[in-house]
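Trainee: Each chain, written out:
There are 2 protein chains.
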Amino acid sequence: MATRSKEEPSLAHLMATRRSIRKYQTRPVPKARLARILKAAYFAPSGADRSGYELVIVSDPELRRQIRARCEIADAEWHRNAAPWLKAWLKKKGITPEKPFLEDAPYLICVFGDNKAPYWLGSTWLAVAYMLLAAEREGLATLTYTPGKSKFLQKLLNVKSNLVPVTILPLGYAAERLPAKRIKPGTRVYLDRVDARRALKLG
Amino acid sequence: MATRSKEEPSLAHLMATRRSIRKYQTRPVPKARLARILKAAYFAPSGADRSGYELVIVSDPELRRQIRARCEIADAEWHRNAAPWLKAWLKKKGITPEKPFLEDAPYLICVFGDNKAPYWLGSTWLAVAYMLLAAEREGLATLTYTPGKSKFLQKLLNVKSNLVPVTILPLGYAAERLPAKRIKPGTRVYLDRVDARRALKLG
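If you read the sequences in order, they're chains L and Y. Counting in our numbering, the first sequence runs from -14 upward without gaps. Counting in our numbering, the second sequence runs from -14 upward without gaps.
Hints in this document: simulated from the structure, not taken from any laboratory. Among the hints, erroneous ones may be present.
A pair counts as met if it fits within one copy or between any two copies, since identical chains are not told apart.
[To be verified] As a list, the in silico BS3-like pairs of lysine-lysine whose alpha-carbon atoms are at most 30 Å apart:
no.	residue 1	residue 2
1	LYS77	LYS101
2	LYS76	LYS16
3	LYS101	LYS186
4	LYS77	LYS16
5	LYS101	LYS136
6	LYS16	LYS166
Take the sequences, apply the hints, and build the full model.
Mentor: Here's what the structure looks like:
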């Protein structure tokens, strides 16, 4: 078994305490931490072992400023067109088209899926999940942020046309504290076609 | 911090040792372990907190027999139509349309994405990744298995038409041992548009 310090949190703890963070400190992130998070992605299973994604990390302030500007324009439109229930949810959460985290977080991990790889979209999201948990392990905050439009990232970041922008993960130290996640009893779980939430004590 | 036994493996260890398993023991899996794995899915972030997926666990042998039969027919066709490089990869890995794991593994977690939820496909795969790691934590094996055709699962398992079959996770004790995963240096990682694999020591 790998060496493990006494302070290492359990998987269950990492999953429960990890929250999507929208407020970031501008404090720099050590490159070794970034590297460990990127390495975690490599371990995610992927269709025919092809990985199916490419990662472009942005730290340059001018590039981040441009990304923010384009995302905010796209998100203003996305907010206008959102369904009423979604508008209510966004309001409750205080989410607006303003995206300061795109400039505050020292790194943006721009995740592109390679649409020529088999099962590329699933493979890409599995790698994202591995990075989310690895970031939590490193004491860093993230968010799976999907702008209303994201095609512009291909040109701005000079990636090939088969690489589809999937999500942007800001990476940095959190500037807000959120409580551990509560289990949502809403998700339906069936066992052999019978509702199993009670039988399995899923809350 | 949550209580943690001394034997609890680190996140990095879980990620590196977890392998996609295609051979399973028929030995039963305790329901408490299954429940902990399903609970892990609840903690994954999801678009507008809507979860965006539904889980149907199949243990009934007759249902599993039917699922296997349908999947093998679909996979025979999928194998015939695979690109040459994919055929070579499948041969190297010994993967054929035969899917005994669908009957050997005591549980099949059939994962459906709710295409009415925002960002449902990404949310569903994030939940899958959480379950993969939780299964490894429980000493159990899994595989993200995507049959060549899967629409039949809706009718067979009596789920609504907005629930799209995404993947099947067989869950059980492994009947094969695979070495820890090696890092694939092939995945491209850029930092501010410059190849960063060497700078970040990503192998």
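Trainee: Which of the stated hints cannot be reconciled with the structure, identified by number in ascending sequence?
Mentor: Numbers 2, 4, in rising order.
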